[in-house]
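K.L.:
As a plain string of letters, each chain reads:
Number of protein chains: 2
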Amino acid sequence: MSEVSNPRLLYKSVPRGYPIPGENLIYDTSRTIDLENVPLNGGFLTKTLVVSPQPWLRERLRDPERISYSTPMRLGHTFVGFGLVKVIRSEDPDYPVGQYVVGMIPWEAYTVQPWDGKQISATGKLPAFTVDVDAMSMVKVAKHPTIPWSLFMGALGGSGQTAYMGLKEHADMKAGETIFVSTAAGSVGMMVVQLAKLAGLKVIATAGTDEKVNYVKNELGADVVFNYNTTSTSDVLQEHGPIDIYWDNVGGPTLEAAIENCNLHARIVACGYMSEYNDEDRYGVKTLSWIFKRRIHIHGIVTQDFRAKWTKQFFEEVPPLISSGKIKVKEEIVHGLENAATSWVDMLMGKNIGKSVVIVAEDD
Amino acid sequence: MSEVSNPRLLYKSVPRGYPIPGENLIYDTSRTIDLENVPLNGGFLTKTLVVSPQPWLRERLRDPERISYSTPMRLGHTFVGFGLVKVIRSEDPDYPVGQYVVGMIPWEAYTVQPWDGKQISATGKLPAFTVDVDAMSMVKVAKHPTIPWSLFMGALGGSGQTAYMGLKEHADMKAGETIFVSTAAGSVGMMVVQLAKLAGLKVIATAGTDEKVNYVKNELGADVVFNYNTTSTSDVLQEHGPIDIYWDNVGGPTLEAAIENCNLHARIVACGYMSEYNDEDRYGVKTLSWIFKRRIHIHGIVTQDFRAKWTKQFFEEVPPLISSGKIKVKEEIVHGLENAATSWVDMLMGKNIGKSVVIVAEDD
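So the sequence lines, in the order shown, correspond to chains A and B.
Quick note: the first sequence, position 346, residue 346 per this note's numbering, numbers continuous.
Quick note: the second sequence, position 272, residue 1272 per this note's numbering, numbers continuous.
If you are wondering where the hints come from, they were derived from the structure by calculation, not from laboratory data.
Even glycine gets a Cβ: it sits at the ideal position worked out from N, Cα and C.
Do not rely on the hints blindly, as some may be mistaken.
The calculated label-pair distances, taken between Cβ atoms and stated as ranges, are [to be verified]:
hint, chain 1, residue 1, chain 2, residue 2, range
1, B, S1232, A, A308, 55 to 63 Å
2, A, H265, B, M1349, 30 to 38 Å
3, B, I1020, A, H265, 32 to 40 Å
4, A, N41, B, S1234, 56 to 64 Å
5, B, V1014, A, G200, 38 to 46 Å
6, B, M1349, A, E239, 39 to 47 Å
7, A, N41, B, T1230, 54 to 62 Å
8, A, A308, B, E1316, 53 to 61 Å
9, B, M1349, A, K174, 56 to 64 Å
10, A, A199, B, H1077, 40 to 48 Å
11, B, N1227, A, Q238, 36 to 44 Å
12, B, E1239, A, V97, 50 to 58 Å
The list that follows gives simulated cross-link-like pairs (lysine-lysine, BS3-like), each with its CA atoms no further than 27 Å apart [claimed, not checked]:
hint, chain 1, residue 1, chain 2, residue 2
13, B, K1328, A, K168
14, B, K1012, B, K1143
15, A, K197, A, K328
16, A, K174, B, K1197
17, A, K312, A, K326
18, A, K312, A, K330
19, A, K309, A, K143
20, B, K1309, B, K1286
21, B, K1328, B, K1197
22, A, K174, B, K1168
23, A, K197, A, K286
24, A, K309, B, K1140
25, B, K1174, A, K309
26, B, K1174, B, K1309
27, A, K286, A, K140
28, B, K1312, B, K1286
29, A, K328, A, K168
30, B, K1312, B, K1143
31, B, K1309, B, K1328
32, A, K217, A, K330
33, A, K168, B, K1168
34, A, K326, A, K86
35, A, K286, B, K1326
36, B, K1309, A, K168
Far from chain B by the CB rule (all over 10 Å, computed), these chain A residues [said to hold, decoys possible]:
hint, residue
37, R31
38, E65
39, K168
40, N214
Let's have the full structure, built from the sequences with the hints guiding it.
P.N.:
Set out below in structure tokens:
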């Protein structure tokens, strides 16, 4: 059989500030692949169906010498992110043809698995506290009768799991308490808002545009919602707080205001620090003396720490909530790998409402 | 019987920066008391034996409108702090003559209990998250056969209990781990250092003078000790870290450096924020994105939250460790209420090594 095109997203250069599609990230159509004859060497060949633009990936596009919590992505190789693939040829009995798999994958049309181009540190050794993202395990999944694959990137994927497991593990939600949620129109935030409402909490939420504010208030049912670009976070929290729980996706000045408006024994779930993902100057948070004065607990979370403990309960509890409409989902779906870079950067800039998803190929 | 002098420490004016004895705090000898005839109204009369200069009291000497975690002390009234008293007359069967009691007391020679002059907020209502310090309960204590009363202000009092209970509740100490302790020559810090060594941890400790550094290294056995005034905290932690536990008494730049040198899943016990007790400009901590990246847990503590749970075990475990010399104690004892203000301010300035204690009267 003849070769077919195997387009990919190429990581070309380290971005300063927001990545620029076409400059830092190139849609590369120069490669081809012979699907029937490419050597598998005991592995398997996959077709990419869906990829998931996530904020934390920004961190990986950095100078490799700079240590951070995840390994840097390799320059000159294919961009790597979360996605769903389907096995179309196999020499590995664990991954038969037709099997669906989710995990960290190169963003390209077809991949020989295990894939090449994984991050290798210059010394051959990773720092003790760096997550070797490329080595994360691929997880087999089964098709759900009513829920589309795209939701496995969002409400049933990393975003939903982060919200559900982070709340279960550290928020100790009690009906009647008040929770404050940042980036409430984002894929994690919208799940947190709804899970908190289902648990009987008063929800104060913030987002960056009036459209998002309306969505979180009218569709998701948060009690108090404001646009942080036009309204002071401190003023809102002083009026509607104190807060018992803060779900923090952003850090910086928002975290500073939240801490100052915490109730005694408040819990802060530190899930992200979006205010610094794009090499912004680091903001100095001045309200930390309240941590001991009000006996606040702050918990940094990365979802992989919880998966073993909570995955079973998550998949028992959340899909029925989605099927029954008790949890609403919203997606920003784009089609085509050629649009993946723009979808990702738009999400970093906050242009999306709900979970950004890129459909690379239909599941035929 | 004739009246006797009833000297006291008077809270005269709100300090800016470090309090000034003789200006903000006056040793007032103008009052007398008739010990045999003063009306008790169903209460009891106590003689003050020992008082305890503690750092957190500085917070109470503020403009009353400024909300903080403890109620402000009342201007023009007697200074209030932790102390030990003995009942010398009584109309209350719960507090018979000869009974020893510890708690928050006016710093004066004799007191009719319950004492007058407690903080009353202007509105008659305290903010929800303010500890009504003056209302804290008085606790009856029995004399120990070998341990002197002064230690009930330190190693067996608030300092020791804070160290022991804070570590038990939140540090999850494991042999072989590394702990970093700030203000290690202070009354809480020295207990933390020793309890951590007994638990098999590597201890990195810091103090503000070479004399203190020598004490913590040679007498308390910490593994790495440095003077933060002459050595960079970051450099030491980079060389000897990463740290699994940070005991924070100071906040500010030290906390900033500690967070940046935390291991994965590190625990920070936030016990005080000494860098801001004296109205210094608030320092902005810039390293908070590491909290989620390294899944750090920060726990603000105030010891009263733990007393019900840990007091019994504390008094079973710690006095034998002190009697046997496995835990060393060090005190800065001064005699006479006239020296109490200076003792307290010296401690705030870091001039003490070990627990500052003021002996007001002998227990005859």
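K.L.:
If a hint holds in the structure, say so; if it doesn't, say that too.
P.N.:
Outcome of the hint check:
no.	hint	result
1	B:S1232 to A:A308: 55 to 63 Å	39 Å, violated
2	A:H265 to B:M1349: 30 to 38 Å	32 Å, holds
3	B:I1020 to A:H265: 32 to 40 Å	36 Å, holds
4	A:N41 to B:S1234: 56 to 64 Å	47 Å, violated
5	B:V1014 to A:G200: 38 to 46 Å	43 Å, holds
6	B:M1349 to A:E239: 39 to 47 Å	40 Å, holds
7	A:N41 to B:T1230: 54 to 62 Å	59 Å, holds
8	A:A308 to B:E1316: 53 to 61 Å	37 Å, violated
9	B:M1349 to A:K174: 56 to 64 Å	43 Å, violated
10	A:A199 to B:H1077: 40 to 48 Å	46 Å, holds
11	B:N1227 to A:Q238: 36 to 44 Å	41 Å, holds
12	B:E1239 to A:V97: 50 to 58 Å	54 Å, holds
13	B:K1328 to A:K168	42 Å, violated
14	B:K1012 to B:K1143	35 Å, violated
15	A:K197 to A:K328	12 Å, holds
16	A:K174 to B:K1197	39 Å, violated
17	A:K312 to A:K326	20 Å, holds
18	A:K312 to A:K330	24 Å, holds
19	A:K309 to A:K143	22 Å, holds
20	B:K1309 to B:K1286	35 Å, violated
21	B:K1328 to B:K1197	12 Å, holds
22	A:K174 to B:K1168	25 Å, holds
23	A:K197 to A:K286	31 Å, violated
24	A:K309 to B:K1140	46 Å, violated
25	B:K1174 to A:K309	22 Å, holds
26	B:K1174 to B:K1309	21 Å, holds
27	A:K286 to A:K140	45 Å, violated
28	B:K1312 to B:K1286	40 Å, violated
29	A:K328 to A:K168	19 Å, holds
30	B:K1312 to B:K1143	16 Å, holds
31	B:K1309 to B:K1328	25 Å, holds
32	A:K217 to A:K330	14 Å, holds
33	A:K168 to B:K1168	23 Å, holds
34	A:K326 to A:K86	30 Å, violated
35	A:K286 to B:K1326	39 Å, violated
36	B:K1309 to A:K168	24 Å, holds
37	R31	34 Å, holds
38	E65	15 Å, holds
39	K168	15 Å, holds
40	N214	29 Å, holds
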